[in-house]
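I would like the entire structure built from these sequences, with the hints used as guidance.
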Amino acid sequence: MTSIGPLGRFDAEVTALRQRVETLTRQVSSGQRTDRQGDLTPDLPRALSLRAEMARRETYGSLIGEALNRTQATQQALQRLGSIASEFADQVAMKLDPNDTASLSLVATRARQAMVEVGQLLNSQSAGEYLFGGSDLANPPVPDPDGLPTGGLASGIAAAVAGLGPGTAATVAAQTLAVAQDDSAGTSPFSAFLTDPATGGGEARRSVPSGDGQLVAYGVAANRNAAAVSAGETTGAWAKDLLRGLASLAALTPASAASTADFRAFADTIRNGLRSARDAIADESGALGLTEARLTATQQRHSVLTDTLKAQLADIEEVDLAATLTRLQDTRSTLEASYSAIGRLGSLTLTRFLS
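The sequence shown runs 1 to 355 under UniProt numbering.
To be clear, the hints were calculated from the coordinates, so they are not data collected in a lab. Check each hint, because a few of them may be wrong.
Distance ranges between label pairs, derived from CB positions [claimed, not checked]:
| # | residue 1 | residue 2 | range |
| --- | --- | --- | --- |
| 1 | Q76 | D183 | 24 to 30 Å |
| 2 | A174 | G147 | 23 to 29 Å |
| 3 | K310 | Q181 | 53 to 59 Å |
| 4 | Q75 | S103 | 32 to 38 Å |
| 5 | K310 | A217 | 26 to 32 Å |
| 6 | Q214 | G163 | 49 to 55 Å |
What you are looking at is a predicted structure, and each value in this text was computed from that prediction instead of being measured. Even glycine gets a Cβ: it sits at the ideal position worked out from N, Cα and C.
Given below as structure tokens:
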């Protein structure tokens, strides 16, 4: 029969206490119950499920955040585009006067400068991606913004405006409309990708996944409306309306005022087209604002749920640091007492034991 002496029993207890101290020390240091997932059994399947759900929601939140960065940059561009349309509709075009042909040179200069700015705004980028280029993120939707005042669109509209005279205002207006709507190479200022129905011209708006099976559209293409519906004197697209109006203003010369009535009528066409662009841009910005609000709310929900999941996972994987520290201190005290007891037991003699 084998028996375990007092020293053997103490040694086993001390070993267990020492291992307990090591475990508690590691837990206090890391805040984790264990550094091995297998030790979490039987809670391991739930922990893995919680981690997967957290990762999924964090991914959606990150994607929405990136989309919101793009929409904010898009809003800034739309705000300036709207200001240009409003300025030329309500100030410049409103002041067109067949009896003041001397001012037309300045009007034309301002309009040409504005055309360049519109092209540059439509080439706005966020994180290196073109905002108004559809899925063609690496190439500008307006390939040559600086050349807009002399490009195919401007040249075609200038040729039409050159025919402005007695009884031709309606014809000239129709011709400028046709030029602005022309998507053929050499006339359209927009990229071949955007004007081709087989590529960007026929693709859906850029969207962001906001949840399982949920896509929220937020992209705005340079050559066509996204959510806005243009009305009145329009090509059907606010960007084309804006460029048409500016190119028409840039093409006016003193000879354009040869017929006072036709000049006034064509000035009304320009003004109404620019107002249509202004209103549609405002509608576009408003619709995008609603989309931003929806995405922000969805992102916040993902964040709240992620925090809840983190708390649930913490109950499985993490320790209560205050309680663990208290247990560590108690265990250390017990271990130190055990060491002292072993020392006294080891020095005990038969005489001292019997006395």
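Hint by hint, here is what the structure shows:
Judged by the Cβ atoms, the range 24 to 30 Å given for Q76 and D183 holds: they are separated by roughly 27 Å. A hinted range of 23 to 29 Å for the beta carbons of A174 and G147 is consistent with their spacing of about 26 Å. Checked against the hint of 53 to 59 Å, the pair K310 and Q181 passes, with Cβ atoms roughly 54 Å apart. A hinted range of 32 to 38 Å holds for the C-beta pair Q75 and S103, which are about 34 Å apart.
The given range of 26 to 32 Å is respected by K310 and A217, whose C-beta atoms sit roughly 31 Å from each other. Range check, Q214 to G163: Cβ separation about 53 Å, and the 49 to 55 Å hint holds.
Violated hints for the displayed structure: none, as all numbered hints are satisfied.
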